[in-house]
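These protein sequence lines map, in sequence, to chains A and B.
Our numbering numbers the first residue of the first sequence as 1 and each following residue consecutively.
Our numbering numbers the first residue of the second sequence as 1 and each following residue consecutively.
The reader is advised that the hints may include incorrect statements.
To be verified - Straight line, CA to CA, 25 Å or less: simulated DSS-like cross-link-like pairs of lysine-lysine: (1) B:138 to A:215; (2) B:102 to A:215; (3) B:138 to B:102; (4) B:106 to A:215.
Just so you know, the hints here were simulated from the structure itself, not pulled from any lab data.
Please read all numbers here as calculations on a predicted model, not as lab measurements.
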Amino acid sequence: MEQIIDLLPTLLEATGETLYLVSISLVFGGVGGLILGLALYVTRRGGIYANRSVFTVLNVIVNFFRPIPFIIFIPAMQPLIRPVIGTGIGNNAMIMAISLAAIFGISRIVEQNLVTVPHGVLEASRASGASRLRTIWSVVLPEALGPLILGYTFIFVAIVEMSALAGYLGGGGLGSFAIQWGFRQFEPVVTWSAVVVIVIIVQIVQYLGNTLARKVLRR
Amino acid sequence: MSIVSLTDVTKSYPATDRSGGVVHAIDNVSLDIEQGEVFGIIGYSGAGKSTLVRLVNALEPVTSGTVEVDGTDITRLSERRLREMRLEVGMIFQQFNLFSSKTVAKNIAYPLVVAGVPRAERVRRVAELLDFVGLADKGRSYPDQLSGGQKQRVGIARALASNPRILLADEATSALDPETTHEVLGLLDRVNRELGITIIVITHEMDVIQSIATRVAVMEKGRIIEQGNVFDVFSDPQHPASRRFVSTVVKGIPDAAEVTALRSRHTGRIVTFSFRDGDRSQADVFVELARAQVGFELVYGGINDIRGQAFGHLTLALRGDDSAIDEVLRTIGQTIAVTEAA
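Bound conformation, chain B alone:
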């Protein structure tokens, strides 16, 4: 069963100019997120993804449509019931949003104080969480004494304090350097695997999706333009915006400018072979080329791994008799995608 389910959700604001019009931040979005998965939402800034994630814990009310969390339509809940619901949904932020006037321990204890958890129980739980995020010795520190990565780990501990079933991560790694990003993503992965918490990850960085998400939705102008398993979207993106995102981490089929650059350095016909797990192996392609006595040179591309499944695009410069090349490309083209640069 879906743990979060958005149906025909729209969120509009009055336009900030005096036109009297409205801005559709979220435009008729439907989305189902399954219990226990890590669901990625990617888009450029202004695509509406931060607004979308705030609909899930009702920090932003919807304009129309329904948002079901754990089977309850939260768009109809009273303020009091919403507060109870929010204990089930933790949230972490790009700027961490820690309380600078409170110690690390008090930050983490805050949702517990809100929930009315007795003091002794709070102390025990905070120690446990500090341990989980690897900051056991930082309880008495203040946030401004911590590094960015440590701050986000405190943010994660605070979000987990009330034992939520869902964690919303709003650009949680966008303010961090690559190494710290890797650490925080590793921690989120543990949160998902060890605690079984469903995570919704908002990001504009495709490598974040690649490292932890199982499914992904691509957003543009308030709409979801493509969604599916991360492997499918990465290996065969359908929408131009999705392709642009994928191209940030995957070397795909070279574009016109890249082909010109390749031609200036290599002779022969520039042909891209696209592989996906389960398709014909690369070895077979090379054997076919050799058998046809076509010379080849690897000039562009790479093979990627997503959760154990491999795919990639290899671009070769082929040299030899033109008709022999046409013949062998036809043969190979029957089993895998072959694209020749114009």
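Chain A on its own, in the form it takes in the complex:
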């Protein structure tokens, strides 16, 4: 127990770093993934802006990057991260790596959820005289909002996982804390303190996501 009390300030700092990494990545990845997912959805066959070549290009890009294991993804993205961030390590570089990886994952979740919106409501919107953009913005997205919230909650957990790995490869946060102060010092209690914090964060977010989705879905 003593080690934990000694390391408490470090644990808190690591928790703060994880929250920082995760939340900023979720914002960038979330917005980017929403845009890419929307682009996939509208350009697919039968879509509102159906365009075979654009869809094929986007689809291949997503299929290419999404399956790359994150531990390889970080070094693989170095040529892109260095010029933008100025360095390949540290929290900001990891935020960029996580955001990029999240964009590809989120885009599929967004696409899949939007596809479930019945074609009929799009038709009803178009028949009411609405433009395509308005139809997407005020019909398609609201109709899919409940599942989208659940999808983003799901992705949050994946981002927490990525942030732990990123910490190991030169970021900070709970992953790095658990490895450095727990695993390498043969202190399982310290490792598990990081586990408990992560579980608490995930539980809180999952609860918030479920509650929000239920409110939106009214059930």
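Since chain A is already given, all that's left is putting chain B on it; use the hints.
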């Protein structure tokens, strides 16, 4: 003047198999729909009627031909002008297609938001429409809290929001039970009579046509195979497909199987007399038969009423002297259609 006029309209899709061919969903159709009428389009599923109605508000573009709405050829309009045109053409659907994330009031207000109507005016109009469709207390409900009939009434209110001149009803009652169908048809009838809105009704149910349409077109394989006043098509259908539709609501001349069934229960010659409004009355026929001392029994058929005009087919089993029956059938046959079962 026609409010909707289709001329030589064709709509084809590339075939879904790899043959490289095309499917003609609509094959050279011409159709005129008059201001203020309820025009029915009937056909089996896959006949092309849902595609046809989507050409009228350009949800589907035509492959060739012209579609005039209110005198404007909409096949040449820009996307922006099409959106303005759609405010003039409301549409309701089989599956209602309400926005499940919006309240009933917001659903109805949607076309008004699209049209840029100010908020105060929207609120007033939505209240008026809720009242018209009999859902004044449901504005704050969500669609999944309503019954099927209520959902379709919301659909109708939404379609009417922008004060359209035309309403397209795509199988609007096909997902409803008979009683609710009756209610919704009654509401559509009011829309037509009280608001003067021209309605195009797509259906595969002949009794829908019978209850509200004034004219009807029968579609098969992308073509219109017969069209005319509902009374004429019902009382004297020309095409086999039309006859099949009519036979779903009208007992006509019994077919071979029915004749066999009738023969097993009744003796005598099976003869069908077809009546139409304005022809000789049934009473005259019965008087003639009695005068010739021919016994008769009513075995099949009925009399139908379409918007105040009656017609029907009555099948009788005739008993008596064969030559007397031949004689009386000749006499009656001079004024009304007489068909004897072989």
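Taking the hints in turn, this is what the structure says about them:
1. Restraint check for residue 138 of chain B and residue 215 of chain A: the C-alpha separation of about 20 Å stays at or below 25 Å, so the hint holds.
2. Annotation: proposed proximity of residue 102 of chain B to residue 215 of chain A holds, straight-line Cα distance about 13 Å (limit 25 Å).
3. At most 25 Å may separate the alpha-carbon atoms for a hinted pair to count; residue 138 of chain B and residue 102 of chain B meet this at roughly 13 Å.
4. For the suggested pair residue 106 of chain B and residue 215 of chain A, the alpha carbons sit about 18 Å apart, so the restraint of at most 25 Å is met.
Checked against the numbered hints above, the structure breaks none of them.
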